[in-house]
Structures are given as C-alpha cells and as structure tokens.
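Turn these sequences into a full structure, and let the hints guide you.
Chains A and B supply the protein sequences, listed in that same order.
When the count follows the numbering used here, it moves up by one through the first sequence with no breaks and lands on 397 for the last residue.
When the count follows the numbering used here, it moves up by one through the second sequence with no breaks and lands on 397 for the last residue.
Warning: the hint list may mix true and false statements.
Remember, identical chains collapse to one label, so a pair may be satisfied in a single copy or spanning two.
As a list, the in silico DSBU-like pairs of lysine-lysine whose alpha-carbon atoms are at most 30 Å apart [stated by the list, open to error]:
1. Lys202 to Lys241
2. Lys388 to Lys141
3. Lys222 to Lys241
4. Lys241 to Lys388
For the record, the hints were derived by calculation from the structure and aren't laboratory data.
There are 2 protein chains.
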Amino acid sequence: MTHRLLILSRHADSYRHHIEAAALPDLEIMSAADPDALPEVARRCDLVFGEPSLIAKALPRMPNVRWVQATWAGVEPLLNPALRHDYLLTNARGVFGVLMTEYVFGYMLAHERRMFEKYESQKQQRWDTRPPGSLRGKTIGLLGVGTIGATLARTAKHFGMSVRGFTRASRECVDVDAYYHGSDRLSFAAGLDYVVSIVPNTAGTRRLIDRDFLAALPATAVILNPGRGSVIDHDALADALSAGRLAAAILDVFDAEPLPPEHPLWRTPNVLVTSHTAALSIPADIAPLFIDNYRRLVRGEPLKYRVDFNLEY
Amino acid sequence: MTHRLLILSRHADSYRHHIEAAALPDLEIMSAADPDALPEVARRCDLVFGEPSLIAKALPRMPNVRWVQATWAGVEPLLNPALRHDYLLTNARGVFGVLMTEYVFGYMLAHERRMFEKYESQKQQRWDTRPPGSLRGKTIGLLGVGTIGATLARTAKHFGMSVRGFTRASRECVDVDAYYHGSDRLSFAAGLDYVVSIVPNTAGTRRLIDRDFLAALPATAVILNPGRGSVIDHDALADALSAGRLAAAILDVFDAEPLPPEHPLWRTPNVLVTSHTAALSIPADIAPLFIDNYRRLVRGEPLKYRVDFNLEY
Numbered sequence: 085m086t087h088r089l090l091i092l093s094r095h096a097d098s099y100r101h102h103i104e105a106a107a108l109p110d111l112e113i114m115s116a117a118d119p120d121a122l123p124e125v126a127r128r129c130d131l132v133f134g135e136p137s138l139i140a141k142a143l144p145r146m147p148n149v150r151w152v153q154a155t156w157a158g159v160e161p162l163l164n165p166a167l168r169h170d171y172l173l174t175n176a177r178g179v180f181g182v183l184m185t186e187y188v189f190g191y192m193l194a195h196e197r198r199m200f201e202k203y204e205s206q207k208q209q210r211w212d213t214r215p216p217g218s219l220r221g222k223t224i225g226l227l228g229v230g231t232i233g234a235t236l237a238r239t240a241k242h243f244g245m246s247v248r249g250f251t252r253a254s255r256e257c258v259d260v261d262a263y264y265h266g267s268d269r270l271s272f273a274a275g276l277d278y279v280v281s282i283v284p285n286t287a288g289t290r291r292l293i294d295r296d297f298l299a300a301l302p303a304t305a306v307i308l309n310p311g312r313g314s315v316i317d318h319d320a321l322a323d324a325l326s327a328g329r330l331a332a333a334i335l336d337v338f339d340a341e342p343l344p345p346e347h348p349l350w351r352t353p354n355v356l357v358t359s360h361t362a363a364l365s366i367p368a369d370i371a372p373l374f375i376d377n378y379r380r381l382v383r384g385e386p387l388k389y390r391v392d393f394n395l396e397y
Numbered sequence: 085m086t087h088r089l090l091i092l093s094r095h096a097d098s099y100r101h102h103i104e105a106a107a108l109p110d111l112e113i114m115s116a117a118d119p120d121a122l123p124e125v126a127r128r129c130d131l132v133f134g135e136p137s138l139i140a141k142a143l144p145r146m147p148n149v150r151w152v153q154a155t156w157a158g159v160e161p162l163l164n165p166a167l168r169h170d171y172l173l174t175n176a177r178g179v180f181g182v183l184m185t186e187y188v189f190g191y192m193l194a195h196e197r198r199m200f201e202k203y204e205s206q207k208q209q210r211w212d213t214r215p216p217g218s219l220r221g222k223t224i225g226l227l228g229v230g231t232i233g234a235t236l237a238r239t240a241k242h243f244g245m246s247v248r249g250f251t252r253a254s255r256e257c258v259d260v261d262a263y264y265h266g267s268d269r270l271s272f273a274a275g276l277d278y279v280v281s282i283v284p285n286t287a288g289t290r291r292l293i294d295r296d297f298l299a300a301l302p303a304t305a306v307i308l309n310p311g312r313g314s315v316i317d318h319d320a321l322a323d324a325l326s327a328g329r330l331a332a333a334i335l336d337v338f339d340a341e342p343l344p345p346e347h348p349l350w351r352t353p354n355v356l357v358t359s360h361t362a363a364l365s366i367p368a369d370i371a372p373l374f375i376d377n378y379r380r381l382v383r384g385e386p387l388k389y390r391v392d393f394n395l396e397y
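Here is the structure:
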C-alpha cells in the first residue's frame, strides 16, 4: 500500500528535502508550514511528521491519521484530552543529548568562571582578579535520567563531578553515583551544587522544584532548567533568589512562552533567561528519526520512541 | 644536613600550613609575603618556594640559594639576564590542566551559545530565539601541546571536535588528530574554528599570532589566550577584530598587566578580558609539587619540572 505523509513544520522545506533524499518506498509526500491553510488532499494522509503544536491544530481535520512522528521531545499539545488519541505517537529522542550537554556545562562553567561579572567589570575597564571556582569535586543532581541525563552524567564525570539521579524507578546509568526516587526528593536536594531538570511535563513531575525542594538546597546551589517549565514553582524560585537563598537559576522554559515582557523573572536577581533555545530541533538530526521509523513501519516492525498517552511521555 | 626554606608568596601562610603538615625531614621553614622586608636570616636559605616575581626581587640578597621551586608555570621574571642562573629552577606543571580546560571550554561554549548576546537581550526583556551553535564537528588548534594541551585535547574529543596541535617537535598526544611544526604555522591556522595558545613565553613563541597568522584564520575563528601575552601581536589582533576579519578573542594575558584602563583592547569589539585568572595557582594544588620535589632532593633524586634557562621553559 501507498502511505501519504503530511510534513507540517516551520521547517517543512528542509524536512521534505531530507526525506525525499532518502527515497523511501511507497510514500507520497506533501508539506505545509501553516495548519490553517492545509490543502484538501491533506485530509487523506495517514502519516504526519512535524511540530506537535501545529499537528494539534490539524488533527481534527485529518481523519485517516494512524502515525504521528513529532519533531520535538515534548508532545504536550497532542496530550490535550479534547484531541483524538487513537493513533501511534512517536517523539524525538536520542538526538538532544549533545546540545543539552553543551547548554548545561556551558552555563555551569559560566557560573564557576564568573563570566557575567567579568563581562560587567570589562565595561568599566576594571582588571577583575576575583578567583573563579571549578566544577571538579562539585555535585550535580539530575532530575530525570533518560538518554539526555546519561549524556549529562558522562560529561559530569569527565569534569570530575559527583552525580546524583532522581528517577521514577530506573537505575541504569553507570555514570550516576547515587539514585533517589519518590519520597527521597529532599535528600536528593540536600548538598547539591547544581540541579538540572530534564524530566518531561507529566502529572508526576509538575512542581517537583517547589518551596520545600528549594529550602532543601544549599544557598550556593544553581538550578538549570532546559526541560519543561512546569517542573518549577516559579514564584517560590523568585522568592528564594530574591532572598539570597539560592545562587542562580538558568531558565530555558516557562509556563507560558515567550515569557511576557512584564514577567518578574526577567529581572529577578541571578536569573538567566535563554528563551527555549537549549536544544532546538535541527532537521538534519530529526529527519533520520522519521526515516528510520518509516522503514520500520513498512517492514511491520515496532516503531522507536513511542509515546504512552497515559504516562504522558 | 638541614635545609633552610624561604616561602616567598602572597599566600605564604597557606603554603606554610601545607608544607608544615607534610612534616618534611631536616627542614627549617621561614616565610614572607614581601621581598623588600625579608628577615636577615633569610640570607642563609638554600631553598626558595614562591612567586617568580617576588623571588626575582629577593634573589640578589640570597647568596646561598641552590633550588627555587616556582608556584607558577611561567618563570619569566627569573629569566632576566641580569639575575643569577646558578641554581636549580623548577616550575609548576601538571596542575593547571583542569582549570585551563574549564576556562577554554567555558568560553568556547559561551561563544557557541551566544551567552553574552542573550544576556544583553534579557536586559531588554527580549525573548531571543537566535539559534546557538555547537562544538561538535568544529576544529580546535592548540598552540603548544604539553600537559595542559593534552588535557584540552582530551576534552575537545569528548565534545566531538577535531584537534590540531602546533608544537616545536613533539607528537605524543593521542588526542591530537594532526600535528604541525615550524613553517606549517599558516596551514595550521587555515580552517580553524578555535585557536588556543598555551605556549610559554620564549624567543620561539613571541608573536606566533601575527598579522600573517590572523590573515590565515577564517573570519569565523575565535582566539583564546590563557597562556602568555607575548604570543599575540595585539595591534594586529585589534585591527582584525575591528575589521570583522575575526569573530572574537578571549584574552587572559597581556604584554603589561594589569591591562591599563586606557588600553584599546578593553573596548575592541568582541574582545573578552579575563584579567589573568584562567588558571590561578591554588596552594592546595601547588604545595604538593614542592613537597614531592623536596623528598626527591633529600633522596638525591632528580627533581621534577626542571626549567632549562636556555630554552626559557
């Protein structure tokens, strides 16, 4: 049988280019960047590849869909209970570890090296010899240890850090020195130098970083959140930073994005806002996930990176 | 025989604490932070441990010195031809790799992640989604591949980079993909994304980064100099940066330090000044070098990290 694919993405042309180059069998391809201006023929597509936010808008007009491959790791727009869940949903995994690691270690080193303080000193032609710190011997806590967490843990070991992992149940990563679960949340936080949240947005991860968690962290701790905004109670975070009970927060994701200009987090002391760019989906990295999964579909094999609508990831 | 040690350092108390804790045999210890206020008894010392800049001032008044252990890697003040060179000089090595690596990779990641641009955007509450770059697949060129260079090369490999090494003759580091020497200087420069200078200040390294070298680099290249200021022609560098023929320079060291407030490099576009803090000598790291070498001296073994006054390192 012939499959009909709709590529629905802001980068539709680039994705189309990569997929056409793969010369996949029995595949008709159409593409669009705007879910509100789909050609009538898109109604007949059985496959969709693209951004969850766009696909969520198109889904009600696409009765034949049986498989959706998301270009993102997060699929929240498609979990909306008002939408159909009677198709196979796969997300993007295994491709964000490198970018996430560069983000996390870049900003941790920026903190240790006092980069922004020295940058401000330079504006005043001030020779600023305040001594930097080092990652060596410090402790990093990973909220979530999937493929991204494992990549972070390996780099943490390269820099001589201790690594704690907070997971639902898994204990598979050899670079994690100590695992914590469920009710161990506050002992996980105690004594950490850095906390990095990379958990998906699910009922079980919402506000994991709340007032109690923040109170359990040392005042010298730094939080990095390149995962999902829902994990942090941002009011409690702003209070802790304003009171000097936390050293810094590097925030890529928020409850509402873009972060509105009037939001207090823009000006909260020691907050750095990185505008959801920690690990962008790059077509050259993401297209191979669709191509590999399509070949599995044609061969009748299970698809990789399947999302469980009940687990929300 | 009993040895008499003068610790001459801004951190004399800390060094003295570490050395006394080692309970070295047959050693009398005195210490000072000011070479112009030495006790008369310091004249009788045969050993000196401290900062080369301070020791250079004290040396003419210390006729019995037979061994000097420097707390720094660079020993230029002691190479002054007006000073005696009739003693054994050892410097600090093998301890700066970790800090140098954190400096170099911290600033390379800051460049890739556009950290200072995003920091300025935040001041205007601007959601800045300009995409960051990645170190993966980029090429780093190391001017000098000793113990520091080897540590940098290993971390470059961790981040998926290609590594070139420019050395006098050595080709020992397995993490260097391609070696260059002498007249290969401009082919070494061609195509580099990053250049890191970690060579000592010698006749052979002065102005290695000159107009020709800068012209051979791509306009997207970034120079990092945590080594010695003498390696760069700073006038040529400022011209290249002002003309957009180079992306950025991260400079820790200069011909004269502190960099005077009126110096144009403070305000040259895309220069970051880090005020000679890339790899500070930390007593807990450096004291063991003296302790180990003292035990070798007592046992009649060759000392480690000996400086050759003719080679200047």
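Hints, verified against the model:
no.	hint	verdict
1	Lys202 to Lys241	both (27 Å within a copy, 28 Å between copies)
2	Lys388 to Lys141	within (24 Å within a copy, 69 Å between copies)
3	Lys222 to Lys241	both (10 Å within a copy, 23 Å between copies)
4	Lys241 to Lys388	both (29 Å within a copy, 29 Å between copies)
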